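Number of protein chains: 4
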Amino acid sequence: MSSKKIPVALLGATGSVGQKFVELLADHPRFEIAELAASERSAGKPYAEAAEWNMASPLPDALAASSVKTCDPAAVESRLVFSALDSSVAEEIESAFRDAGRLVVTNARNHRMDADVPLVIPEVNPDHLAVVEQKLRAGAGAIVANPNCSTIGMTLALKPLHDAFGVERVDVVTMQALSGAGFPGHPAAALHDNVLPFIAGEEEKLEIEPRKILGDLADDSFRDADLTVSAACHRVPVFDGHLEAVSVTLGKPATEAAIIEAWRSFTSEPQRLGLPSAPVPPIVYFDDPRLPQPRLQRDLGGGMTVSVGRLRPSPFFDYKFVVLSHNTVRGAAGGTVLIAELLDAKGLL
Amino acid sequence: MSSKKIPVALLGATGSVGQKFVELLADHPRFEIAELAASERSAGKPYAEAAEWNMASPLPDALAASSVKTCDPAAVESRLVFSALDSSVAEEIESAFRDAGRLVVTNARNHRMDADVPLVIPEVNPDHLAVVEQKLRAGAGAIVANPNCSTIGMTLALKPLHDAFGVERVDVVTMQALSGAGFPGHPAAALHDNVLPFIAGEEEKLEIEPRKILGDLADDSFRDADLTVSAACHRVPVFDGHLEAVSVTLGKPATEAAIIEAWRSFTSEPQRLGLPSAPVPPIVYFDDPRLPQPRLQRDLGGGMTVSVGRLRPSPFFDYKFVVLSHNTVRGAAGGTVLIAELLDAKGLL
Amino acid sequence: MSSKKIPVALLGATGSVGQKFVELLADHPRFEIAELAASERSAGKPYAEAAEWNMASPLPDALAASSVKTCDPAAVESRLVFSALDSSVAEEIESAFRDAGRLVVTNARNHRMDADVPLVIPEVNPDHLAVVEQKLRAGAGAIVANPNCSTIGMTLALKPLHDAFGVERVDVVTMQALSGAGFPGHPAAALHDNVLPFIAGEEEKLEIEPRKILGDLADDSFRDADLTVSAACHRVPVFDGHLEAVSVTLGKPATEAAIIEAWRSFTSEPQRLGLPSAPVPPIVYFDDPRLPQPRLQRDLGGGMTVSVGRLRPSPFFDYKFVVLSHNTVRGAAGGTVLIAELLDAKGLL
Amino acid sequence: MSSKKIPVALLGATGSVGQKFVELLADHPRFEIAELAASERSAGKPYAEAAEWNMASPLPDALAASSVKTCDPAAVESRLVFSALDSSVAEEIESAFRDAGRLVVTNARNHRMDADVPLVIPEVNPDHLAVVEQKLRAGAGAIVANPNCSTIGMTLALKPLHDAFGVERVDVVTMQALSGAGFPGHPAAALHDNVLPFIAGEEEKLEIEPRKILGDLADDSFRDADLTVSAACHRVPVFDGHLEAVSVTLGKPATEAAIIEAWRSFTSEPQRLGLPSAPVPPIVYFDDPRLPQPRLQRDLGGGMTVSVGRLRPSPFFDYKFVVLSHNTVRGAAGGTVLIAELLDAKGLL
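Chains as they are written, first to last, in the working numbering: chain D, 1 to 349; chain A, 350 to 698; chain Y, 699 to 1047; chain R, 1048 to 1396.
Note that these hints are calculated values from the structure, not bench results.
Given the structure is predicted, the values throughout are model-derived calculations rather than measurements.
A virtual CB, placed ideally from N, CA and C, is assigned to each residue, including glycine.
Check before you lean on any hint, since a few could be wrong.
So the derived list for chain D, only partly shown, Cβ under 8 Å to chain A, looks like this [as the list claims (entries may be wrong)]:
1) 43
2) 228
3) 295
Extracted from the complex, chain D is given alone in its bound form (with noise of 0.2 Å):
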C-alpha cells in the first residue's frame, strides 16, 4: 500500500449511517472522503446543509461545504465507493457502481446473499475474500458486503468457538438500540418508556447471514456453515450498543475455562495486519456478571471490540452467555471500513 491517502466516494452520505461514516474516516490514516453522494433531494447542496448532522462530533469543515452528488457512476470518479445506501435504492444503484467496474463495499442489505459478494467480517472469513481477488486485481467492479448490525458481534463471538468446537446450534434474543433503525427511525412517542417486540425482516438475516459468514469457500463458491440460528429481535431505548443473549449447542464437549479462553486468545488476520480500526484484541470477555452493558462497553476499542459474559450452562444447548456490540460502528460504518483496510493491506485497492 502507498502512502498516499486513498480517496474515497460516499453513497448516502446524509443518513445515519453515512454520517457515521464521516464521522469515523474524519482522520483516517488511509482514506479520505472525496466525494459525497446522496439522493437527487440534497445533490447540489453544500453537504451541511443536506444532511441534518446527528453525530456527536462535529461535523468537519472540510466536508460541511462539499457539494453532494448524485448516486451515478457517471457522477462520481472514485475507485473504491462506500455504501450507506438505504435498502430501498441500494440493490440498483450498487449494481450500476459495479457494472461501471468500482469496488462497492457496502453496508446495505440488498447484495449481502448474491453468489458473487463476499459477506465479510474480516476476523472471520477474510478469505472469502478471494472470490473477488480476480476482478480487482484485472481492475473490473465488485462489491464485497458488511453483515447486518445484530450478525457482526454474535458471529464474530461465535468464530473462536465455532473453530476449536464447532456451532451446531446457535438460539438468540436481541436487545437492540435505536440508533440501528437510522434516521428518523422509530418515533420517540414508539420508543419511549417501551420495547417493542417486533423488527420487520431482522430475524431473517440473523438466521441466515451466519451460516454464509461462517462457511467455507470451495472452488470460489461459498458454502453455508452446517449452523441453524433461531432468532428473536427486540428493540430497547437505548442509543447505541446491541446486546444479544445467545445459547448455543457445539459440535464436541467445552469446558467453560476452554471457551473463556478460546474468546481470550482469539486474534485474526486484521489483528495480524495491524489494521487502523482493527481491535486489540477482537473479543474482551468479562468475568464479573454485570458486564457487559451497553452504556459501558460499547466504545471499547474504539466501538470494534466485541464483549461478552455470562457464559454458563444451558439444559437444552451446551451453553449460554451475552454478547455486546456497537451496531453501527463495528455492526455498520466501522465493520465497513474495516473491510476496505483488509483489501487495502492485501493490496486489491
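Starting from the known structure of chain D, arrange chains A, Y and R on it as the hints suggest.
Relative to the frame of chain D, chains A, Y and R by itself:
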C-alpha cells in the same frame, strides 16, 4: 362473604410494592387498609411522612395521617395481613405473624418454596389453597405466597398450553422493567440508556417457581411439574411491564391455531367467581406482530391481564412467543390482592 | 340539556390528538363519537386499520370497525365537530365546516386568534363564548378554539393571580413532553438522552395566547389583557406532562400565603356546573418543594388538574413557581371536550 | 515546568467524580495518579474492587490493582491533591490536607466561599490564584476550588459579556443532567420519564458563586461582582450535559452581533498557555436555533468547550440565550484538572 369490608394490615407499607398495595386497595370493594406497618425507622410517623410517595395517583387522604406501626404481631390487630416486606426481613416477620395466628398473603420470596405454603396464581392453581384450608377454618395462622413478578406472566401464559398439550421445556429471556427493583432500586446513572444483563437471584426464581405452581397436589403435598425452565434475565429502561421472549416444547403436537385458541378461550376460577381484580379475559393474544408492548398493553385489565403475541415455530423447541405482564400489579400487589379475593370468595377469611 | 347522548364527528381522528379524543370520549356521559374523519389516505378504511393506535388503553370495539370518512362537510352529518386536525390543513377544513353551519370545537392553532373565535379555557374565560352565542342559537356555524398545550396550564395557574392582584409580566421557561409533538413527532434518535432547546412557533403562541384568554370582552370584541409574556421553550424526554418554570410580576403586592390561598380557593364555572371533565379542584398547590413532577402529577384529576409548586420570591419579578399540566389531556383533547361540555351546559348545542 | 510527570493523590477516588478524574488523567501529559484514597470502607482494597466502575472507558490497568488509601494526610504522600470528596466529609479532610502543607484542588463545595480560597474557572479569573501564590511558593498548604457544575458553563459564557458590556442581572433556569447527582444519585424510579423541579442547595450555589468568580481581587481580598443571579434548577433524564436557559441585563447597550462576536473572539490564559485540557476555542456559538443540544455538543473539545445558542431579545432583560456544558468534565473533574494545569504552567506546583 359478608358485605362489610374486611380490615387488613399492610406490612412493608412504605416501600414501592407497599405503596402499590395502598394504591390498589384505595377503593377496593372487599378490603380496607386498617393498619400500616413498616420498619422501626418509620414507626410512629404519619404515613405521608414515612413513605416517599412515588405513585402516579395521589396518596389517599384517609391514610396520609395514619400512624405507622411496627411489624410486630403484638402491635397489629388484623387477622388478614398483606406483606410487601423486603426479603431481608420478611422471613422472620412473616413467620411471627403466622405463628400468632394470622393469615399472611405475601409478595416476598422467602417462604415461597416452603412445603406448607401455597404459591398461587389464582387462575393457575387455585386448588393449591387446599393446603391451608383446614388451618384457616380452624382459625390458625398460615402463609400464602404470590410468585415472583417475572414468573407470573409467563406461567399464566403457559397454563392453557400445559392443560391442553403439556409443557416440557421452557427457555425464557426477560426484559424486565425498572420498577421491579423496588425503591431506590437501580441508580438512574446505572440504568439510563442501558440494559443490565444480570439480576441477582432472578433466574433461579424463574427456573424453580413455575414447577411448583404448575405442579399437583397429592395428599396435601406439592409435587413439582415435570418441566425444565432455563432463564436469562435482563433489566431494561422501562418503568413498568416485563416483556419475556419464551420458547416452549410441548408434550404433544399442537398447531398455532390450537395454541392461540387455548389462550383465547382460557378462563378460570377468578373469572367464574367474578373476583373484583380478576381480568376478563385473563389472557389476550395479539395478531399484530408489533404487539404486545410494555407502554401500550401493561395497563390492560387494570394491569391484571397478561398479553401474548408473536407465536411462531422454533427450530429447537416447538414454538416461540412473547409475554407481557405488569410487574407491580399482576406481578406483585395486584396478584397478591387477587389471592386474598379468592380466599374471601371461598369463605376462608 | 337532554339525556340522550349528542353525536359528534371527529376530524383528524387517526393522529395522536385524534386518538386521545377517542380514548377520552369512550365512556363520555354526554358525547358519543358518531363519525370519524381523516385524510383521503385513510378514508374508507376501518378506523382500526387507518389509525396506528398508540394509546395505553385499548381501542374501543365500537369504533374499530367504523369506516373513516373524509373531512368534508358533505360527508359528515354531525352538527358538533371536534377538530384534531393538523395545522397544515385545519384552516381551510374548519372554515368549510363552519360555513356549512357546524359548530367546530378545535384544538388546531389556525383560527385561535380570529376576531370571531373565542379562545377558551373553561375555568378562565367562559364568558368569551358570548361571541358565538347568538350564532349558535340561530343554528349558524361557529368555531371555538382550545389554546396551545403550553399555554393552558400556565394561564389557568395565572387566572386566580390575575383576578386577585393583576398579572403584568410573565417570564416562562418550558420543559415540554414529547407527546406534544404528535405522531411521528421527534425521532427517538433526536430526543433520546437529550433536550431540544427549540420548538418552532411555540414561543410565539405562548407569548400571544394568554393575552387574548385573560383579556376582556367589550361589545362582543376581544380586548387583550395588558400583559407581557416572554417564553423559552424546550422539549425533554418525558412522555406526557409539560413542566413550566414561571416568573411573574403582579399589579399589586401579594404575600406568598395570599397567592397560595388564591390557587387553593379557586373554582370556576365548570366546577359549579359539575361538567363531567371538570376537575375538582382545578388547581392543586404542593407544599413539598420536590413537587409537582410530570410522572407523579400529570394524571391528577384524570389529567385535567393543573399542579403548582415551589412558590418563592424572585429578585427580578415578584415570584417564581412551577406549573405542570397534562399536555394531551388538559392541553389538548380533554380541554377541547371541556369546552364542548360547557357549551352543552349552557344549552348552546 | 519540568518534563517529568507530577504525582497526584486523588481523594474520593471511588465515587463518580473520582472515577471521572481517573478517566481524564489516564493519559495526562503532566499529571500521574500516584495515590488513590477513599473512605475507611474502601481502604486497603484494590481500586478495581473498591470502585463500582461506571465510566464508558475501561479502568486503566495500572490503577486497577492499586491499593486504596485512607483520606488522611499521614497516609498520603503527594503534595498535589485532587479532591472529589463528597461534601459531607470534604470540609474537614481538605482542611487537614491543607494544614499538612498540601495543595488541594477540589471539586467539593465546602470551601468555595472561604476568604482565602480562590474559586476558579481558568478562562475567567486566573488572576484569583494570586491569593495562594505566596503560600505555594513558600511550600505551605492551600485550597483552590472548582465551582459548581451548573455555575461553570453559565459563568464562562457570561465572562466575555461582562468584560465588554458589564453583566448586571442574570435569570437562569437549568435542565441538569443526572450524572451531576453523583452515584448512586437519583433512583431510576424517580427520574425515569420525569423532570425533578428541585435540587437541594443548587439554586443557592448558582446565585452566589458567579459573584465571587466574576469579582475583583483587591489587596488579596475577593470583592464580589455587582451582579444579581436568580436561579431555578431542574433535573432532567439526560446522562451528561447541563442545558441552561439564561436571561441577562447588561451594563450598556449591545447588539446581537456584538455579543456573538464577543463569544466567538473570546480566548484566555489557558488557551494562550496551551494547557493540555484547554479547549480552543473555549466558547462556540451556534447560529442554528436547534443547537446546542446535550447529546450532540456536550463532548465538544473533549467536554471542555462551552456551547451557546439562540441569542434573542427579552422584553424583561436585554437578551435570552441557552448555554450547554458537560457537567462532569468542564463542570467537575476536567475543570479541576485545568486549574492544576494552570498552577503548573505558572510554576506553582
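Cross-check of the supplied hints:
With its C-beta approaching chain A no nearer than about 35 Å, residue 43/D sits outside the 8 Å limit, and its interface hint is violated. Contact between residue 228/D and chain A, as hinted, is supported at the beta carbon level, the nearest pair being about 5 Å apart and thus within 8 Å. For the restraint placing residue 295/D at the interface with chain A, the shortest Cβ-Cβ distance is roughly 4 Å, inside the 8 Å limit, so the hint holds.
Consistency with the previously given hints fails for number 1 only.
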